[in-house]
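J.: Listed below are the residues making up each chain.
Number of protein chains: 2
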Amino acid sequence: MAILKYDELFFILKEKLLNNNFKEEPAQLCAQIFTENTFAGVASHGTNRFVSFLKLVNEGYINPNAKTSLVNSFGSWEQWDGNLGPGPVNAWNVTGRVIELAKENGMGCVSLKNTNHWMRGGTYGWRAAEEGVILISWTNTIPIMPPWGAKEPAVGNNPFVLAVPRINGHVVLDMALSLFSFGKLSTYKHEGKELPFAGGYDSDGNLTTNPAEISATHRPLPIGYWKGSGLAILFDLIAVLLSGGKSTFELGLGKHDSAMSQVFIAFDPQKFNSAESINDIADNIINSVKKAEPINEGEEIYYPGERTLKTREQNLRDGVFVADVIWGRIVSF
Amino acid sequence: MAILKYDELFFILKEKLLNNNFKEEPAQLCAQIFTENTFAGVASHGTNRFVSFLKLVNEGYINPNAKTSLVNSFGSWEQWDGNLGPGPVNAWNVTGRVIELAKENGMGCVSLKNTNHWMRGGTYGWRAAEEGVILISWTNTIPIMPPWGAKEPAVGNNPFVLAVPRINGHVVLDMALSLFSFGKLSTYKHEGKELPFAGGYDSDGNLTTNPAEISATHRPLPIGYWKGSGLAILFDLIAVLLSGGKSTFELGLGKHDSAMSQVFIAFDPQKFNSAESINDIADNIINSVKKAEPINEGEEIYYPGERTLKTREQNLRDGVFVADVIWGRIVSF
Numbered sequence: 411m412a413i414l415k416y417d418e419l420f421f422i423l424k425e426k427l428l429n430n431n432f433k434e435e436p437a438q439l440c441a442q443i444f445t446e447n448t449f450a451g452v453a454s455h456g457t458n459r460f461v462s463f464l465k466l467v468n469e470g471y472i473n474p475n476a477k478t479s480l481v482n483s484f485g486s487w488e489q490w491d492g493n494l495g496p497g498p499v500n501a502w503n504v505t506g507r508v509i510e511l512a513k514e515n516g517m518g519c520v521s522l523k524n525t526n527h528w529m530r531g532g533t534y535g536w537r538a539a540e541e542g543v544i545l546i547s548w549t550n551t552i553p554i555m556p557p558w559g560a561k562e563p564a565v566g567n568n569p570f571v572l573a574v575p576r577i578n579g580h581v582v583l584d585m586a587l588s589l590f591s592f593g594k595l596s597t598y599k600h601e602g603k604e605l606p607f608a609g610g611y612d613s614d615g616n617l618t619t620n621p622a623e624i625s626a627t628h629r630p631l632p633i634g635y636w637k638g639s640g641l642a643i644l645f646d647l648i649a650v651l652l653s654g655g656k657s658t659f660e661l662g663l664g665k666h667d668s669a670m671s672q673v674f675i676a677f678d679p680q681k682f683n684s685a686e687s688i689n690d691i692a693d694n695i696i697n698s699v700k701k702a703e704p705i706n707e708g709e710e711i712y713y714p715g716e717r718t719l720k721t722r723e724q725n726l727r728d729g730v731f732v733a734d735v736i737w738g739r740i741v742s743f
Numbered sequence: 411m412a413i414l415k416y417d418e419l420f421f422i423l424k425e426k427l428l429n430n431n432f433k434e435e436p437a438q439l440c441a442q443i444f445t446e447n448t449f450a451g452v453a454s455h456g457t458n459r460f461v462s463f464l465k466l467v468n469e470g471y472i473n474p475n476a477k478t479s480l481v482n483s484f485g486s487w488e489q490w491d492g493n494l495g496p497g498p499v500n501a502w503n504v505t506g507r508v509i510e511l512a513k514e515n516g517m518g519c520v521s522l523k524n525t526n527h528w529m530r531g532g533t534y535g536w537r538a539a540e541e542g543v544i545l546i547s548w549t550n551t552i553p554i555m556p557p558w559g560a561k562e563p564a565v566g567n568n569p570f571v572l573a574v575p576r577i578n579g580h581v582v583l584d585m586a587l588s589l590f591s592f593g594k595l596s597t598y599k600h601e602g603k604e605l606p607f608a609g610g611y612d613s614d615g616n617l618t619t620n621p622a623e624i625s626a627t628h629r630p631l632p633i634g635y636w637k638g639s640g641l642a643i644l645f646d647l648i649a650v651l652l653s654g655g656k657s658t659f660e661l662g663l664g665k666h667d668s669a670m671s672q673v674f675i676a677f678d679p680q681k682f683n684s685a686e687s688i689n690d691i692a693d694n695i696i697n698s699v700k701k702a703e704p705i706n707e708g709e710e711i712y713y714p715g716e717r718t719l720k721t722r723e724q725n726l727r728d729g730v731f732v733a734d735v736i737w738g739r740i741v742s743f
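Chains as they are written, first to last, in my numbering: chain A, 411 to 743; chain B, 411 to 743.
Quick caveat, the hints were computed from the structure, so don't treat them as lab data.
Take these hints with a grain of salt, some might be off.
Identical chains blur together in the list; that is why a pair holds if it fits in one copy or across any two.
[To be verified] Simulated crosslink set (SDA-like; lysine to any residue; CA at most 25 Å straight-line): (1) Lys665 - Asn697; (2) Lys665 - Phe421; (3) Lys603 - Phe421; (4) Lys681 - Val481; (5) Lys513 - Tyr416; (6) Lys561 - Phe607; (7) Lys701 - His666.
So here's chain A without its partners, still in its complex pose:
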């Protein structure tokens, strides 16, 4: 098992990107995002996914050097085209743009079409929060979850990101609309663990905590059952209407989850609040949650983003563990 410092991992990822037709700028940015995701504890969208990302580039599904381009604008709402470039590059670019729009106009929206998998949605939430901006964002995906009442996947798990800036730790939620993402199911499976709650259906149509069964049936549970199913339908509809891009259904017609639609909505809270009062408000809310009496005495109540921050700090200090099989695949690619 490899233990890597930030710069070591960054360096090799960037080298691999440069060797696979990436120009300097997108190589730098993608290496940074894949490294950052790994250090934030989300290896499923960092090192573990890096080789399949390069394969999609080599197979022509991702154009490594495509530029994100402006299509339409109306006030503080803009439509951009990802031109089938790397998802992290497109999402990073339009996050930067929506932060500018929010700082100029109080609020802004960028809707993005023809992009690719953004990897960890939280990346863009953390960035907005770092710049003092509130972000509301989501992506559609290929059909990977049955709508409520169906046994066949027809909706995406459309990850949703909410981010709020706070000096003592930004509050960042990054969640798929399935109770467990396929990445999480695979982690549980490899660790030989059962899920803590039923996360989908087995081949007999019964709810199960067995991650392998759910991966096999393609029937993960939406969060809140019928509610998460409804959210998935609406997030897809809104993303497509705002961006002019492809729907989950249309993505499902292709071979890969390519040409997705995404929405980024941002607010600059400093338009109506001082930086100090923003921080006090956030601290008061977070403190009121953290002091709720825990189920198990002595256990801590966490706010969204808190553990990510701790994991990242620890990994930056001690280096990050990368499984031999993953590391081997990366260095030999």
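Fit chain B to the known structure of chain A by using the hints.
T.: The following block gives chain B in isolation, referenced to the frame of chain A:
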């Protein structure tokens, strides 16, 4: 059991409002919203809640004739003050305003403070969709749900509304962040039914499908367990930062769920699409969901809002049933 036509119910509700210090305009609007909610099949936020709404007015918690007033504006984002007026009046007014902002500027946001319970959040989603506008909206509430890992309520169930216009039936999702709202728990309890899924904890700390146990422990489950808990924290944070209003924690210090904070974000999809293409996009997505193979042969897959529309049509045709005990309370108030 009373069976009432729309105008009959509307007439008596309006009369009761006029007799309880409401002026003509708010009486007209509140009677319409309470009637509409009942006909839409949401009696829990219609007839069933009407008398307690009047009591809050008489006890001084709701100012029946307060006007919603503009506090601040920055571009297409406005802050409004509900001045402790009736929640449905405030939410209806700012929905109208955010629709105007979206039609003028492509997108808009109204953040609202010092309002009261908006009753059925869907009301505002249906209105926006009726005017061709996409709505993203939520409210905070008093602490009525434990954050994940806690056994004591410290977050709201902060209902979330998403609405998209569509000629063949608007797509409107209106959902609390608890798997079952207290209204739903009470409906199951009165009907002597168990919940279809574990909806919270019993007094021994075990998950239960017994609605009465959950009402007693005040430990409903968030949708997606830790995910719904995270959503509740972020929706509260964002609502408070955008509106300058009270947080769930602050609402919990009062005797009633008064002076809530709400967010209304709207988009006019016609800025970048023809009315026809909007409808085609929505139809294609809805049809792709509805044609997914059902778990039980012959059963229908519903999209959000579909059953509400059917219930409303049926009630408009046949009249709505109001339980004698509820009807008795209203007419004798």
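J.: Could you run down the list of hints and mark each one as holding or not?
T.: Going down the list of hints, with the structure as the test:
1. Lys665 - Asn697: For lysine 665 and asparagine 697, the Cα distance is within 25 Å only across copies (21 Å; inside one copy 47 Å).
2. Lys665 - Phe421: Answer is neither; intra-copy 31 Å and inter-copy 58 Å both fail.
3. Lys603 - Phe421: This pair counts as neither: shortest intra-copy Cα distance 34 Å, inter-copy 60 Å.
4. Lys681 - Val481: between (28 Å within a copy, 13 Å between copies)
5. Lys513 - Tyr416: For lysine 513 and tyrosine 416, neither the intra-copy (31 Å) nor the inter-copy (48 Å) Cα distance is at most 25 Å.
6. Lys561 - Phe607: both (19 Å within a copy, 18 Å between copies)
7. Lys701 - His666: between (45 Å within a copy, 22 Å between copies)
Violated hints for the displayed structure, listed by number in ascending order: 2, 3 and 5.
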